[in-house]
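Following the hints, complete the assembly by docking chain Y onto the known chain F.
Protein chains: 2
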Amino acid sequence: MGRIAFLLLAVAAVSIIVVSADRGAGHTDEQAAPIFGVKIPSGYRDWRLISVAHEEGNLNDLRAILGNDVAIKAVRERKLPFPDGTIIARLAWSYVPLEESKKAFGRLQSFVAGPRKNGVQFMVKDSRKYASTGGWGFAQFDHGKPADEKVQNTCFPCHQAAKARDFVFNHYAP
Amino acid sequence: MGRIAFLLLAVAAVSIIVVSADRGAGHTDEQAAPIFGVKIPSGYRDWRLISVAHEEGNLNDLRAILGNDVAIKAVRERKLPFPDGTIIARLAWSYVPLEESKKAFGRLQSFVAGPRKNGVQFMVKDSRKYASTGGWGFAQFDHGKPADEKVQNTCFPCHQAAKARDFVFNHYAP
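Residue numbers (this note's numbering), protein chains in the order written: chain F, 1 to 174; chain Y, 1 to 174.
It is worth saying that the hints were derived from the structure and are not from the lab. No residue lacks a Cβ here, since even glycine has one placed at the ideal position from N, Cα and C. Errors might be hidden in some of the hints.
[Claimed, not checked] According to the in silico footprint, chain Y covers these stretches of chain F (three or more CB under 8 Å from chain Y):
1) 51-60
2) 86-99
3) 104-110
4) 133-144
5) 150-163
Pulled out of the complex, with its shape left as it was, chain F reads as follows (with noise of 0.2 Å):
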């Protein structure tokens, strides 16, 4: 398991299933996330792909981690702590059974993702701006718009878990 500390995990209380309007291949939104002033990433959708995830339970979901290329230099030199203008994306989809692999596989066992969940999560990184909270700044949007500032509270301390690996929860995936 020698791979690089990589952080960023769902603020799963807020994840509620709801299909997103944030979708193709992203785009910046003009409204900036309280608390931090974060804004959506313009063509986050391209950035490349740092690890994928399932989440089981409630959330019930497929992941995707994507980096900017700050990031993904950073994960595969396995370097820590993240260097400002680090910016790490989270998208997740509904988790829904693909009807085909039936037909190839002679049973249901192939789960992909379907729609998009709402909020799109984001970590950026600027060590002094957000030298209070590890040199994270966190947002979430939902349907493009930001969520409430009660939502971007609960980033931090939840993402504490990971503070051996700079508050990031992923690990690259070679």
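Okay, now just chain Y, sitting in the frame of chain F:
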């Protein structure tokens, strides 16, 4: 579910759980796979994300479907059949619990990509060259080396289940 029909599924029977030697940003392998003559495309790990998947049952892995620029353009334009030059990659990782999420959620529910599983797979569209297999060349590489002919022969029969989507199982994850 107004999204693009898209393909690619694991050749289940041959996806043995072994950590693969294929890692990092992807590399060009000099050896072409039997039957279709496909080589590992250089830099495929940097390709953009089409979708994510989880295979339950014996496979029990997490997957990413990546596409080259031609593939990404086609899936976003919902264009079928896929144009010549399309290449789709299927990567899989073992399905491992994220221990830190227990701290965050109070229970184990987050599963993430562990070590790369053996068997990276590619579909290459060339409607003339591969006319007898729906216009697709298929290949699997184990530890960076092409799997044998018997393995490559299992691809097309399995993908017949997704014939209506030009033999591609996966949809684009918006």
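Coverage criterion applied to the segment 104-110 of chain F (partner chain Y; beta-carbon cut 8 Å; 3 residues)
holds (count 5)
For the segment 150-163 of chain F, do three or more residues have a beta carbon lying closer than 8 Å to a beta carbon of chain Y?
It holds, with 4 qualifying residues against the three required.
Closer than 8 Å Cβ to Cβ for three or more residues is the test here. Does the segment 51-60 of chain F pass it with chain Y?
Satisfied; 8 residues make the cut.
Within the segment 133-144 of chain F, is the number of residues with a Cβ closer than 8 Å to a Cβ of chain Y three or more?
Answer violated; 0 residues pass the 8 Å Cβ test.
State whether the coverage of the segment 86-99 of chain F by chain Y holds or is violated, taking the criterion as 3 or more residues with Cβ-Cβ distances under 8 Å.
holds (count 4)
In summary, the one numbered hint that this structure violates is 4.
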